[in-house]
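Line by line, the protein sequences give chains A and B.
When we follow my numbering, the leftmost residue of the first sequence carries the number 292, and every step to the right adds one.
When we follow my numbering, the leftmost residue of the second sequence carries the number 292, and every step to the right adds one.
Hints in this document: simulated from the structure, not taken from any laboratory.
It is possible that part of the hints are untrue.
The list cannot tell twin chains apart, which means a pair is met if one copy fits it or any two copies do.
[Unchecked claim] Distance condition first, Cα-Cα at most 27 Å in a straight line; then the derived DSS-like pairs of lysine-lysine: (1) 354 with 389; (2) 354 with 316; (3) 402 with 494; (4) 467 with 421; (5) 354 with 294; (6) 293 with 467; (7) 499 with 431; (8) 402 with 421; (9) 293 with 389.
This one's a predicted model, so the numbers in the text were calculated from it and none came from an experiment.
There are 2 protein chains.
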Amino acid sequence: MKKIIGVLGGMGPAATLDAMEKIIKNTPATCDQEHIPVIAISFPDIPDRTASILSGGESPLNKMLAALRILEAAGAQCIIMPCNTAHYWYDELRVSTKAHFLNIIDITCNKIVSEGVNNIAILATTGTIKANLYQDRLRKENVRFVIPDDIQQGVIMDSILAYKSGDGERAYQLLKPVIYQLKNIGVERFIMGCTEIPVILRKDCDKKEYIDATEELVRCAIDWC
Amino acid sequence: MKKIIGVLGGMGPAATLDAMEKIIKNTPATCDQEHIPVIAISFPDIPDRTASILSGGESPLNKMLAALRILEAAGAQCIIMPCNTAHYWYDELRVSTKAHFLNIIDITCNKIVSEGVNNIAILATTGTIKANLYQDRLRKENVRFVIPDDIQQGVIMDSILAYKSGDGERAYQLLKPVIYQLKNIGVERFIMGCTEIPVILRKDCDKKEYIDATEELVRCAIDWC
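Here chain A stands alone, though its shape is the one from the complex (with noise of 0.2 Å):
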């Protein structure tokens, strides 16, 4: 059998299927037996994570041990984690496995350094952005970029938001304005920085101007795998 592929999900439940069809999309198979083996656990009672970071709440590490603790037990070789904003706990996660854990902030920021794009804009939770993910290795690299101003910020959150609350609609109509504004300022370009923006995106297809944080994160992984 082929490395099966662990997708540590649940931060939403519709970020992970949209990982696990990005899974299914950039695999060549002609038949079932073709596709890459993957075990999927999304446990959506893992705890918030922007309350944790802008606030202190109950951190989510405890739950997402125990998640990683089952995909390894499982047999997972390949450990993918379809939510930007828990990568604020990357590194207590992957010292905890000897599975391959892939960063889905790392595998992104190598994609726009290796394109050679500026003037892209963050497109994140507020936990994302509060907790300089993206930044830091964007500054290192000399990437020219744009952070939403805070009532932006405040807007994409409440769309974020919207989408988990199961109102796809409403979370697309506060979004599209704020990219807009955004290439108003001269923006060119966006990370897809959370997992839900991909999803709540997903009638407007320009490859060309979103960065898919998700797909470079599957893509990584498959070949991986």
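Following the hints, complete the assembly by docking chain B onto the known chain A.
Below, chain B without anything else, positioned relative to chain A:
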């Protein structure tokens, strides 16, 4: 934490995703944490079910049992297997686990009987049809049903295999004429009795015409949890 649904999947990978998507859609939730925890195993190298039933090819049972062991060890309390044909081995699987193992055929037939549906055609793999998985129960309940003729059944199977090979459009174009032919001989409703079929027919959402076995299975699992 809520009870955990275990998805014994990979037959095929897209049908597994469809079941997981239906778990999310049928769960009333206003944030991540209100969703139902799911562990999904998508091991696509489980041997072909129809080939095993029709021509005694390698049995998928051992690999299905191995996947079931993983789900149990991971804490799954309610097992669903989004593959109708795989239910040929349901009895062996059910007696080997203490988890609550739902039966997609029984649940779908219960729905048909409770709604008093008649003049229904079974859209399924040739393995499901030849094994009489649906017919035995429907006959017992005096439901009037139609089995596609051999030529139609060949086309249905080609459609399912086309989808599994990644050609969704061809799958759709093959299946639709068979559905029209069946309507012309008086069929009023259709059992989507292969979990690939709701995925192939995704753009046709006439809920009245189709009874989606995957959807019925998932609703039952959510009720149980």
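Tested hints:
1. 354 with 389: both (18 Å within a copy, 25 Å between copies)
2. 354 with 316: between (29 Å within a copy, 24 Å between copies)
3. 402 with 494: within (23 Å within a copy, 34 Å between copies)
4. 467 with 421: Within. Shortest intra-copy distance 22 Å satisfies the 27 Å Cα cut-off; inter-copy 51 Å does not.
5. 354 with 294: both (25 Å within a copy, 16 Å between copies)
6. 293 with 467: neither (40 Å within a copy, 35 Å between copies)
7. 499 with 431: within (24 Å within a copy, 58 Å between copies)
8. 402 with 421: within (22 Å within a copy, 50 Å between copies)
9. 293 with 389: within (18 Å within a copy, 29 Å between copies)
The structure shown violates just one earlier hint, number 6.
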